[in-house]
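**Q** Listed below, chain by chain, are the residues.
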Amino acid sequence: MTTPPKTAPLDLSPAPGAVPLPRMIMSQAGYEFRTVLRNGEQLLLTLIIPMVLLVLFSATSLLDLGAGRRVDFLAPGILALAVMSTAFTGQAIGTGFERRYGVLKRLGATPLPRGGLIAAKTLSVLGVEVVQAAVICGVALGLGWRPHGDPGSVIVLLLLGTAAFSGFGLLMAGTLRAEAALAAANLVYILLLAVGGVVFPLDKFPGPVRDVLELLPISALAGGLRDVLQDGAAFPAQPLLVLAAWAVAGLALAARFFRWE
Amino acid sequence: MTPPGDGGRDSAVELRSLVKRYGAAGHERRAVDGLTFSAARGAVTALLGPNGAGKTTTIEICEGFRRADSGTVRVLGLDPAADGRALKPRVGVMPQSGGVPGTARAGEFLKLVASFHATPLDTSALLERLGLTEHARTPFRRMSGGQQQRLSLAVAVVGRPELVFLDEPTTGLDPQARHATWELIEELRAAGVSVVLTTHNMEEAERLSDRVVIVDHGKVVAEGAPEELTGAERQLRFRARPGLGLEELLAALPAGSAAKESPAGHYLIEADVRPELLATVTAWCASHGVMTEDLRIERRTLEDVFLELTGRELRA
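Chains A and B, in that order, give the protein sequences. Just so we're aligned: 26 in my numbering is position 26 of the first sequence, and the numbers increase by one with no gaps anywhere. One rule links them: number in my numbering = place in the second sequence (from 1) + 1000.
Pulled out of the complex, with its shape left as it was, chain A reads as follows (with noise of 0.2 Å):
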């Protein structure tokens, strides 16, 4: 079975053109949704671990939650993980390989202009997360989750979120070498879980260093979809308020510093 050497011809005669710059983002976006998904690595931190500590800790008494079920607890916890390990350590590692694989430098020579792949980025990570709250959610219901409180709070705290961890991801991803963001992105990631009020209650810390630990957006973020989804709080203004420092912040410094080559 060989192929004929010569194939129909090609035309190759000049016809440049863009299409409009929505179909190009998402085209883009649909490109980087699929790899995101297909990315064996990148699934351990986007589902695999949010899934095994959601179920783990859920269905054991390893942990002490205090009063109150377990999965209401951590499912709050396990979402706020979730859109951590998408919009901050997913987005550092793999921008910071695109980085410095030439991959930015290339697409920028495309007719996609860099404000259209920001936006493409933007909207695959928000399309995991969707696919990320899709699963958890439905595995915190099976495992007896009753979550309360206003839908319209919970998604502009994931959506504050998803802007802090994407500023401070990009800003990794631009200015560090693809090495040092990966191994930074990663110990960033396992340090919020632990001292962040994921799994571990942060009341078990002493108050000063509590009130600090307050201050972090994976904080801001789980501490704020507790309020809602556990307690039923209407508007819970400091965590929103915290997330929203950190995303003026992050997102400021992305674009101040961020080195495409």
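By construction, these hints were calculated from the structure, which means they are not laboratory data. Each hint should be verified, as a subset may be incorrect.
Label pairs and their computed distance ranges (CB to CB) [as the list claims (entries may be wrong)]: (1) A:133 - B:1026: 51 to 61 Å; (2) B:1026 - A:175: 46 to 56 Å; (3) A:30 - B:1010: 35 to 45 Å; (4) B:1125 - A:159: 38 to 48 Å; (5) B:1261 - A:259: 55 to 65 Å.
A virtual CB, placed ideally from N, CA and C, is assigned to each residue, including glycine.
Mind docking chain B on chain A? Use the hints.
**A** Just chain B now, kept in the frame of chain A:
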């Protein structure tokens, strides 16, 4: 049929006194040092020079990736630093290496770039043409260097650009893949696409280019059609016993001729090689009882031209 914004000029690329410095002040190096040339529309222009001559920097300035410190750049009549949005759909770029995510599958990435363009080439036909059909689902990092190069070329042309920049398009390719690439470049030219490529392969420059720009130390040292550069000048080579009296032979040749023996027993005569000259040389040999071997008349190559102009080998 000149698109708007070109000022009616017929250059695809026009560079004037381009300068690009690298390094800290005081220790700076001029990668591009007052480079001036133009590349005609619909033609293949080769920047030929050794590694480090400033070819890639020059091409990256044309692509809008870098800014010149001084000088002017016009690509399709536009300034790549300021008019990037307008230029990008019209210009295809093949970087020297990489540029594709390691996990991306060849066909998928090509389709992605094609999807940005209004009337792209058919991606499967293009993959087939470049012998990549069976690698359409192979992740980029698992493709061989040559396959990666060809995918990169495909990405550069898939949007049906008016102008393509190819940075060392055949470096590291096996002969078969190199010929497939050359054929595609020839077809691009036949279809009216302007091509600007860099190479340190003189065979490539001679075969493909309408115009060769020889670059060294960031400057143009010569330019012209390959035949102009190598000139009508021919040279005569032969082998014979060592130690012939070249002074005496030269006296019999037209003024301006040169003769040398290097290494011993290998003779080179640089002159206006005409039938009479050949007759004079062989007659002189006959009268001195000298039997010549491997007598041949050659054209100068671009390699000779480069060596003459810079005192260095192209591949050094």
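**Q** Are the hints correct? Go through all of them and say.
**A** These are the hints, each one checked on the structure:
Separated by about 56 Å at the C-beta atoms, residue 133 of chain A and residue 1026 of chain B satisfy the suggested range of 51 to 61 Å. Between residue 1026 of chain B and residue 175 of chain A the beta carbons are some 26 Å apart, a value that contradicts the proposed interval 46 to 56 Å. Take residue 30 of chain A and residue 1010 of chain B: their Cβ atoms lie about 40 Å apart, and the range 35 to 45 Å holds. Here the CB-CB span from residue 1125 of chain B to residue 159 of chain A is close to 43 Å, well matched to the stated 38 to 48 Å.
Distance hint check for residue 1261 of chain B and residue 259 of chain A: the Cβ-Cβ separation is about 58 Å, which falls inside the suggested range of 55 to 65 Å.
Comparing the model with each numbered hint stated earlier shows that hint 2 is the single one that does not hold.
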